[in-house]
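Student: Below are the chains, spelled out letter by letter.
Number of protein chains: 2
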Amino acid sequence: MVREKVVHYTQVEKERVENANGTWIRWLISERDGAPNFAMRLFEVEPGGHIPAHKHPWEHEIFVLEGEGRIRIGDNNYVVKPGYVVFIPPDIVHEYWNTGKTFLKFICVIPLKSRK
Amino acid sequence: MVREKVVHYTQVEKERVENANGTWIRWLISERDGAPNFAMRLFEVEPGGHIPAHKHPWEHEIFVLEGEGRIRIGDNNYVVKPGYVVFIPPDIVHEYWNTGKTFLKFICVIPLKSRK
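Respectively, the protein sequence lines represent chains A and B. Just so we're aligned, residue 0 is where the first sequence starts under numbering that gives the first Met the number 0, counting upward by one. Just so we're aligned, residue 0 is where the second sequence starts under numbering that gives the first Met the number 0, counting upward by one.
So here's chain A without its partners, still in its complex pose (with noise of 0.2 angstroms):
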């Protein structure tokens, strides 16, 4: 049966981001906790840290807590900071950069199937 879960981010384990520099994961909600769905996820780029350019063909739902950053979307670049929601359709390439000098950390959601 699955349960609820409730607890801080900073309880669930935090794991190095391959392909990315300086950048850090936490699976936050996922298929381990029963979800039918999607995942929720909590991204976190240490200052000067990058996402390089890469695509696939699911979509993002970002929501950015803390720091400043740099998102490139297909040819747009956009400034974000706490409190900004961004929406990367799929098959779009995007990039990220933490542009400020605390961590830029963001909420990202996933479809679940995008994992199989």
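Because the hints were derived from the structure by calculation, they are not lab data. Where hints are given, some of them may not hold.
What follows is a set of in silico ranges between Cβ atoms, one per label pair, in the way DEER data are often shown [said to hold, decoys possible]: (1) 47/A / 9/B: 27 to 33 angstroms; (2) 12/B / 51/A: 33 to 39 angstroms; (3) 51/A / 9/B: 44 to 50 angstroms.
As the structure is a prediction and not an experimental result, all values here were calculated from the model. Think of the CB as a built atom: it goes at the ideal place given N, C-alpha and C, for glycine as much as any other residue.
Once you've looked at the hints, dock chain B against the given chain A.
Tutor: Relative to the frame of chain A, chain B by itself:
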């Protein structure tokens, strides 16, 4: 063609939640934006506000941004503060109270099929 979306959450319209006290919702990312699988909403509950007990056959994935609250999930009660992650599986009764002196704000993601 589905386009990206980058906005501050305060730029998204705030609507009063029916059947709740002192509660507003912003549909940050939804079908209107071309989201294919799930919707990201932001709830704002005023001090003393309350979302009464209810249940439905879809899950919630929640991240608490501001304020203090209590969430009942089934028979269990949880105190939540900024940085708390809450997974509410489908078909479990849940209920929310703002127990603090400022707005309780949280992200809540749901599958889009739940709106059909």
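Student: Now tell me if each hint is right for this structure.
Tutor: Structure-based check of each hint:
1. For the pair residue 47/A and residue 9/B, the beta carbons lie near 29 angstroms from each other, so the given range of 27 to 33 angstroms is met.
2. Take residue 12/B and residue 51/A: their Cβ atoms lie about 35 angstroms apart, and the range 33 to 39 angstroms holds.
3. The hint said 44 to 50 angstroms for the Cβ distance between residue 51/A and residue 9/B, and at roughly 31 angstroms that hint is violated.
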